[in-house]
Amino acid sequence: MDVYFWLFATMAVCAGIFTIAARDPLPSALGLLTVFIACAALYLHLHAPLIAIFQVTIYAGAILVLVVFVIMLLTTPDERLSLFQANMSYRIMGAVLGVCIMGLLAAGTKGIIDIVGSKSLPDGFGSPARFGDLFYKNYLLHFEVASVLLLVALIGGIYLAKKNL
Amino acid sequence: MVTLTHYVALSSILFGLGAIGFLTRRNAMILFMSVELMLNAVNLMLVAFSEFRADMAGQIMVIFIYAVAAAEVAVGLAILIGLFRHVRSIDINKFNLLKW
Chain H
819 MDVYFWLFAT MAVCAGIFTI AARDPLPSAL GLLTVFIACA ALYLHLHAPL IAIFQVTIYA
879 GAILVLVVFV IMLLTTPDER LSLFQANMSY RIMGAVLGVC IMGLLAAGTK GIIDIVGSKS
939 LPDGFGSPAR FGDLFYKNYL LHFEVASVLL LVALIGGIYL AKKNL
Chain F
548 MVTLTHYVAL SSILFGLGAI GFLTRRNAMI LFMSVELMLN AVNLMLVAFS EFRADMAGQI
608 MVIFIYAVAA AEVAVGLAIL IGLFRHVRSI DINKFNLLKW
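Just so you know, the protein sequences line up as chains H and F, in that order. Take any residue in the first sequence, count from 1 to its spot, add 818: that is its number in the working numbering. Take any residue in the second sequence, count from 1 to its spot, add 547: that is its number in the working numbering.
Keep in mind the hints are simulated off the structure, nothing from the lab. Please note: incorrect hints may appear among the correct ones.
Simulated crosslink set (BS3-like; lysine-lysine; CA at most 30 Å straight-line) [claimed, not checked]: (1) H:K955 / F:K641; (2) F:K641 / H:K981; (3) H:K981 / F:K646.
Far from chain H by the CB rule (all over 10 Å, computed), these chain F residues [what the hints assert, rightly or not]: (4) M576; (5) V594; (6) Y613; (7) K646; (8) W647.
It should be emphasised that the depicted structure is a prediction, and the values quoted were computed from it without experimental measurement. Each residue gets a CB set at the ideal place from its N, CA and C atoms; glycine is no exception.
Next up, chain F with everything else stripped away, as it sits in the complex (with noise of 0.2 Å):
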C-alpha cells in the first residue's frame, strides 16, 4: 500500500538531491538544472497532498508553478547568456562581480 509518506519521502529527496547538486557544481546550466529538480520536487508533493485530501487546490497551485517556472527559464536563461557574453564562462565562481 502506497501512502502519503511514501510520496512525501520521494520528493523529500528528490528536492535534498536538487539542494545538494546547487551547492556543489560550479557549472552554471548543471545550477539550473537543480532548480527545476525542486521545483519538480514540489509539484510531487503538491499532487500527493491534493489527492489524499482529495481536494483540488493542490493541483491548481501546480499550474501557477508551471507559468511561474516557465517565466523563471525564459528570464533565466537569458541572464546566463548575458553574463557569457560579458565573461565568456559559465563557471559560476568567475561570476564575482557583486563580490565584496
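Chain H with its partners taken away, still in its complex shape (with noise of 0.2 Å):
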C-alpha cells in the first residue's frame, strides 16, 4: 500500500505546485482539480469512503465548477492578470512566509510519531451508517447550525450578485 500513497501524494504535491505556479488561472484550476482527485483517493486510503465520494462531488464538482465560470466571467484581454506580484519584495516575502509556515508545521510532525492508534478500528468505521447515527445524536445542533450557515450563504451570495450593488 505504500505505493499507493506516494503515488497520490507525489500527483498532490506536483498538482500543488502547478496551482500556485500558472500563468492563466484556467490551467491553475485543472491543477486544483488534480489536487482534490489525489486527495479523495488517499481518503480512500484512510478508511473515509464518504469524505472521498463529498470531495469529489462537492469539491471537485460544484465548487471548482463555480471557479471556473467566475474565471470565464472575469477574465480580461487587457491586461497581464497572471502575473505574479509586480514588486520583488512582495514575492520574496510571500515565498519566505509560506516556507516558514511549512517548515512550522512539518517540525511538528516530530512530536507525534508516538499516535500509533489502535490496529483493529471499530465495526463500521466511516461508514455512512455511522455518519448519520453522530449526526443525529452527537452533533444535532453542529448539524443544524450548518444549514442555517449554507442558508445565510445563499441569501448573500444572491444579494451581493445584485446589479446595481
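Combine the two chains into a complex, taking the hints into account.
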C-alpha cells in the first residue's frame, strides 16, 4: 500500500505547485482539480469513503465548476492578470513566509510519531450509517447550525450578485 | 509502512504551497484557489488523525468544513464579481479602496 500513498502524494504536491505557479487561472484550476482527486484517493486509503465521495462531488464537482465559471466571466484580455506580484519584495517575503509556515508545520510532526492508534478500527468506521448515527445523536445542533449557515450564504450570495449593488 | 507522520508532512506541504500562492500572486482567482488548497490540506490532516486515532470526530469535522467551504465560495465569488463590476479588474493591487 506504500506505492498507493506515494503515487497520490506526489501527484498532489506536483499539482499543488502547478496550481500556484501556472500563468493563467484556468490551468491553475485544472491543477487544483488534480489535487482534489488525489486527496480523494488518499481518503479512500484512510477508510473515509464518504469523505472521498463528498470530495469529488462537492469540491471537484460543485466548487470547481463555480470557480471555472467565474474565471470565464472575469477574465479581461487587455491586462496580464496572470503575473506574480510586480513588486519583487512582496514575492520574496511571500515565499519566505510560506516556506516558514511549511517548515513550522513539518517540525510539528516530530512529536506525533507515538500516536500509532489502535490496530483494529471499530466496526463500520467511516461508513454512511455511522455518520448518520453521529450526526443525529451527538452533533445534531452543529448539523442544524451548518444548515442555517448555508442558508445565510445562499441569501448573501444572491444579494451580493445583484446588478445595482 | 505509511505512518501518520507521512500524512501530516504531506498536508503541511500542501498548506505551505497554498500560503505561498496566496502571498505571491496578484490574480484574485488564483488567491481564491490557494485558499481552497489550504482548506484541503487541513481536511487531509483531520482525516489522517481520525484514522490513526480510530476516532470518527475528525471525519465529522471535515463534513462541517465542507459546509463552511461551500458558504465561503458562494459569498467570496459573489464579492469578487461585485468588485470586478466596480474596478473592471481582478488584480488585487487595484482593490485598494480601504487602503490607508
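Verification of the supplied hints:
1. Distance check on the hinted pair: K955 (chain H) and K641 (chain F) sit about 49 Å apart at the alpha-carbon level, beyond 30 Å; violated.
2. Of the supplied pair hints, the one linking K641 (chain F) and K981 (chain H) holds, its CA atoms being roughly 21 Å apart against a limit of 30 Å.
3. A hinted pair counts as satisfied when its Cα atoms are at most 30 Å apart, and K981 (chain H) with K646 (chain F) qualifies at roughly 25 Å.
4. The beta carbon of M576 (chain F) sits about 4 Å from the closest Cβ of chain H, which is not more than 10 Å, so the claim that it is off the interface is violated.
5. Against chain H, the non-interface label of V594 (chain F) is violated: not every CB pair exceeds 10 Å, the least being about 5 Å.
6. At roughly 5 Å from the closest C-beta of chain H, the C-beta of Y613 (chain F) falls inside 10 Å, breaking its exclusion from the interface.
7. Against chain H, the non-interface label of K646 (chain F) holds: every CB pair exceeds 10 Å, the least being about 14 Å.
8. With a cut of 10 Å on Cβ distances, W647 (chain F) stays outside the contact zone with chain H, its closest approach being about 18 Å.
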